[in-house]
Amino acid sequence: MRTPTLPLDAPPRPAAGSRWGLPLLLVAHLSRPRPGGSGSRAVLILPLVAFAAATALTLTVLAGVIMFLGWEGHELDIYPTVAGLAGAILVIPLLSLGAAAARLSAHRRDDRLATLRLLGATSGTVSAMTVMESAMIAFGGALLGTLLYGVGLPLVGLLSFGGAPIGAAALMLSPLVIVGVVAGMTALAALSAVLSVRRVVISPLGVRMRRDAPPLRRWHFVVAGAVILLAVGALQVMQAGTSLLVMRVTFIGGFAAGIGVLNLLGPLVIAAIARSQVKRVKTPERLIALRQVLESPAATWRQVGGVAVTCFVAVVAGSGLGLISQVPNGDLDEPSRVLFSDMSTGIVLTIAMSFLMVACSVGVGQAAAVYDRADLYRSLHLLGMPDLMVSRARRRAVLAPLRWTVIVSVLVAGVLVFPLVGLAVVLAPLSVLTIALSLVGGVGFVWLGVWATEPIVRAVVGAAE
Amino acid sequence: MPWTGPMHTVVIDAINVTQSFGHTHALSGVSVRISRGEAVAMMGTSGSGKTTLLHCLAGITQPTSGTVRLAPPIGAAASLPVVTVSDLGDGERSRLRRERFGFVFQQGLLLPELTAVENAALPLMVAGISRTAAQQHAAHWLAALGLGGLEDRRIGQLSGGQAQRVAIARAQVNAPDVVFADEPTGALDSTTSDEVMTVLLDSTIDRGGALVVVTHDEAVAARCHRVLRLCDGRLVGGPHA
Ligand SMILES: Nc1ncnc2c1ncn2[C@@H]1O[C@H](COP(=O)(O)OP(=O)(O)O)[C@@H](O)[C@H]1O
Ligand SMILES: [Mg+2]
Chain R
1 MRTPTLPLDA PPRPAAGSRW GLPLLLVAHL SRPRPGGSGS RAVLILPLVA
51 FAAATALTLT VLAGVIMFLG WEGHELDIYP TVAGLAGAIL VIPLLSLGAA
101 AARLSAHRRD DRLATLRLLG ATSGTVSAMT VMESAMIAFG GALLGTLLYG
151 VGLPLVGLLS FGGAPIGAAA LMLSPLVIVG VVAGMTALAA LSAVLSVRRV
201 VISPLGVRMR RDAPPLRRWH FVVAGAVILL AVGALQVMQA GTSLLVMRVT
251 FIGGFAAGIG VLNLLGPLVI AAIARSQVKR VKTPERLIAL RQVLESPAAT
301 WRQVGGVAVT CFVAVVAGSG LGLISQVPNG DLDEPSRVLF SDMSTGIVLT
351 IAMSFLMVAC SVGVGQAAAV YDRADLYRSL HLLGMPDLMV SRARRRAVLA
401 PLRWTVIVSV LVAGVLVFPL VGLAVVLAPL SVLTIALSLV GGVGFVWLGV
451 WATEPIVRAV VGAAE
Chain Z
1 MPWTGPMHTV VIDAINVTQS FGHTHALSGV SVRISRGEAV AMMGTSGSGK
51 TTLLHCLAGI TQPTSGTVRL APPIGAAASL PVVTVSDLGD GERSRLRRER
101 FGFVFQQGLL LPELTAVENA ALPLMVAGIS RTAAQQHAAH WLAALGLGGL
151 EDRRIGQLSG GQAQRVAIAR AQVNAPDVVF ADEPTGALDS TTSDEVMTVL
201 LDSTIDRGGA LVVVTHDEAV AARCHRVLRL CDGRLVGGPH A
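Going down the list, the sequences are from chains R and Z. For the first sequence, UniProt numbering gives the first residue as 1, with consecutive numbering after it. For the second sequence, UniProt numbering gives the first residue as 1, with consecutive numbering after it.
None of these hints come from the bench; they were simulated from the model. Misleading hints may appear alongside valid ones.
A few chain R positions that, by computed beta-carbon distances, are all more than 12 Å from chain Z [as the list claims (entries may be wrong)]: (1) A121; (2) G140; (3) W219; (4) L229; (5) R280; (6) P284; (7) L287; (8) L290; (9) L376; (10) V415; (11) L448; (12) E454.
Some but not every residue of chain Z turned toward chain R, in silico, with C-beta under 10 Å [as the list claims (entries may be wrong)]: (13) H55; (14) A58; (15) F101; (16) G102; (17) F105; (18) G108; (19) V126; (20) R131; (21) E151; (22) R154; (23) E195.
In this text, all values refer to a predicted model and were calculated from it rather than measured experimentally. Think of the CB as a built atom: it goes at the ideal place given N, C-alpha and C, for glycine as much as any other residue.
Isolated chain R, as found in the complex (with noise of 0.2 Å):
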């Protein structure tokens, strides 16, 4: 028998004085990741994942643009400016993309940061950790993000722009801009850290956010209402004739402010559609669903919102774009017919780019939702509910307000121009059979990102037994 000897000797300390050697230490310690814990490693690996398709969308998105900015020449000088447009319209789900991952990294740890502060760590050591870690894990995101968009310049180049596919050479981005991409993705993850380490309290207790998700409040409509009547007032000034500077200075402002009041309006017209169908839904999966919607209308916004200029832009472009293609054939000379083939061809790309953003930011956020409720979907399938039920909620609670987005993004964008929209669908149902397919195509992009998560829910119930 052999006694086992007890480490008496004094525990290893730090180097005096070394600020962020423990911070860094710990952050080591924690990234190995712990046996049998699927749902520690999810918490480096999601994250990474996220920013990695961030990366690669925004640095694809960023070639598109950069290389259309530098087609002149064309009599209408309109190609930099539309995918500008383009490139604008996709900053939106680009970004709450990226906050989506960044959100992601600074969650989902908080066992671990209650378990450092019960063993004596500062709320200071713990923040610091925090935003390191996050920063971390995102710079190696991007970095992979960098190679996938390389991995995918040969395919991409496919597209066909000015009558011929594009080739891989001119997506080419300048090391400079690809530097800059990746350090803005981990600064976004470090503010986006700090923000959220504000918002908890790390006590050794556990960490509990400071207060609830703000509630919607009156000034909301106030503001939107304001900003409304200021857009109508511009735009009859625009009317009357101005300068192109304000011209375009009120065209950005204006659709600036668009975005503003749609992220608005956006959580309470989902709120509102939700609240109307739950006390009429009869089966468990759409309560659950609905229920899931009502308890974060302004998540659910976050992650479905992004396409919903997407589709308002797709359907006005589009109709008017339809209608200009209907122009008898000889009456076109060749560079406009390539101009109009263009544009239809960068309208579905725009749909798709926005669709796909959406659906990486629906697969990273329902992964981590899934680890974050996998006790309650573990004890589900004890008490017999069908997995496939379970599944059907998770789905629905993402593409049903995705769908109304959708929906009423189009029926807006239809009223607004309703003469073009009637008249593209009589003269041109082609064209809007393509955008109406696109959009089709978006929410089947989000779908599969759902459906993406569905193993994670397996292996999460399967523990159970």
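Given the coordinates of chain R, assemble chain Z with the ligands onto it according to the supplied hints.
Coordinates of chain Z with the ligands only, in the frame set by chain R:
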């Protein structure tokens, strides 16, 4: 085999149940018989196999060897056979749990976004009963368990004891033959724990169901008809209980 008798009616009969996880023998030849209207406490140190036995009895896991049998529901046609739970496939065991058993876990594990009454009505809705009827019945149960007026609260707006009562209501709504509770009061203070235990015992026994409750609390065990003590995967005091 006395499936029926004057005083006791056996509802679950487990014979020589063994459960191994690799080299760990979580259960070694345990035989247990549970009767209707009976409250059985399961005690033992941590790791002694309480949860594993409960999972085998409830058809959550399939034992490595041995059989678990379940009597037909009360009032069912006499011709209905005894089901050998341990032989059933995954889907059939799920269905059995949903239709014949109720569960209460340590943390309520309720759906936080649903209201109290919606949570309690869930098993009925899953069984295909209309939402209106399901919620009406669930509301009766909530009222009976002392939660009248709190039907439309969400789970986050309830205290720990109240949430656990909602979980009990959810376990009772479809009148299961057996309610399984794994340390149902483990997360509550002693006063609340007493109240919740009373509610759990009364609501199960009064309607003729059986209760199997895992507990570390001697006071809780004392209120049950019988105590099974487990040690290293065996029943203390003989293989039969
Ligand atoms: N899924 C599993 N895989 C491996 N070992 C398990 C599993 N479940 C339980 N065990 C082991 O079986 C033994 C009994 O566990 P359990 O029934 O949970 O104990 P109790 O509930 O009495 O605390 C323990 O040694 C535990 O480690
Ligand atoms: Mg246990």
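Against the structure, the hints come out as follows:
no. : hint : in the structure
1   : A121 : holds (27 Å)
2   : G140 : holds (33 Å)
3   : W219 : holds (26 Å)
4   : L229 : holds (37 Å)
5   : R280 : violated (9 Å)
6   : P284 : violated (4 Å)
7   : L287 : violated (6 Å)
8   : L290 : violated (9 Å)
9   : L376 : violated (6 Å)
10  : V415 : holds (33 Å)
11  : L448 : holds (25 Å)
12  : E454 : holds (17 Å)
13  : H55  : holds (8 Å)
14  : A58  : holds (8 Å)
15  : F101 : holds (8 Å)
16  : G102 : holds (8 Å)
17  : F105 : holds (6 Å)
18  : G108 : holds (9 Å)
19  : V126 : holds (6 Å)
20  : R131 : holds (5 Å)
21  : E151 : violated (14 Å)
22  : R154 : holds (8 Å)
23  : E195 : violated (22 Å)
In this structure, the hints that do not hold are numbers 5, 6, 7, 8, 9, 21, 23, in rising order.
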